[in-house]
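Q: Sequence:
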Amino acid sequence: MTVHPGIVVARWTGHGASSESELAGLLAAYHLQTEAEKGSAVVDLVELPERYRAEVLEPSAAFADDIVLVAMSGGVAVGCAVVTAPAQRRTEIKRLWVDPAVRGRGVASALVKACLEHAADVGVDTVRLSVWAWRTDALRVYERIGFTVVDSWDSRDRLVCMEQAVHPSRIRS
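Note that numbering that gives the first Met the number 0 numbers the sequence shown so that position 73 is 72, with each residue one more than the last.
Derived by calculation from the structure, the hints in this document are not laboratory data.
Possibly wrong hints are sitting among the right ones.
[What the hints assert, rightly or not] With a straight-line Cα cutoff of 16 Å, these simulated EDC-like cross-link-like pairs (lysine to aspartate or glutamate) come out:
(1) Lys-112 <-> Asp-153
(2) Lys-112 <-> Asp-64
(3) Lys-93 <-> Asp-64
(4) Lys-93 <-> Asp-153
(5) Lys-93 <-> Glu-162
(6) Lys-37 <-> Asp-150
(7) Lys-93 <-> Asp-65
(8) Lys-37 <-> Glu-19
[Unchecked claim] DEER-style ranges, computed between Cβ atoms:
(9) Asp-43 <-> Pro-99: 10 to 20 Å
(10) Ala-28 <-> Ala-60: 33 to 43 Å
(11) Gly-74 <-> Gly-103: 28 to 38 Å
Beta carbons are placed, not taken as given, at the ideal position from N, Cα and C, and that holds for glycine.
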């Protein structure tokens, strides 16, 4: 569990209807906003591509092999991130989302730091992520934390791929 002033990041256990509902709400907001930014605005979950809709409707099934972290502020879920199961001594951060109402308060940094701590705990050498080029605020956060742009492993246009070596003693805030 990672603690920043007013922010607590913990592993999501998936227990309880409210827990599932809070994570589903964060994932829905993430996917709806992302589709809108890509120029494919959708009004509700029914219009999301099936794989994204499945994440929202059943996050515990969609991320069964992964670790989901949730940021809480005042007892309310305000952000989330998924850390994929390790493969070839690396892992990937996916679905990092912070409620727009609380952005600028260190929630994203707390989530990324918790992802890096988890990676160090499980013996991963490298953490990678991808972010859309238009998400300049997110790019700045990732760069500040120590991620660097690398050659893309994904063919989607305007997707920036980044990596960071995991050094347990040097995880930056």
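Q: Hint by hint, work out which the structure violates, then give me just those numbers in ascending order.
A: Structure breaks hints 1, 2, 6, 8, 10, 11.
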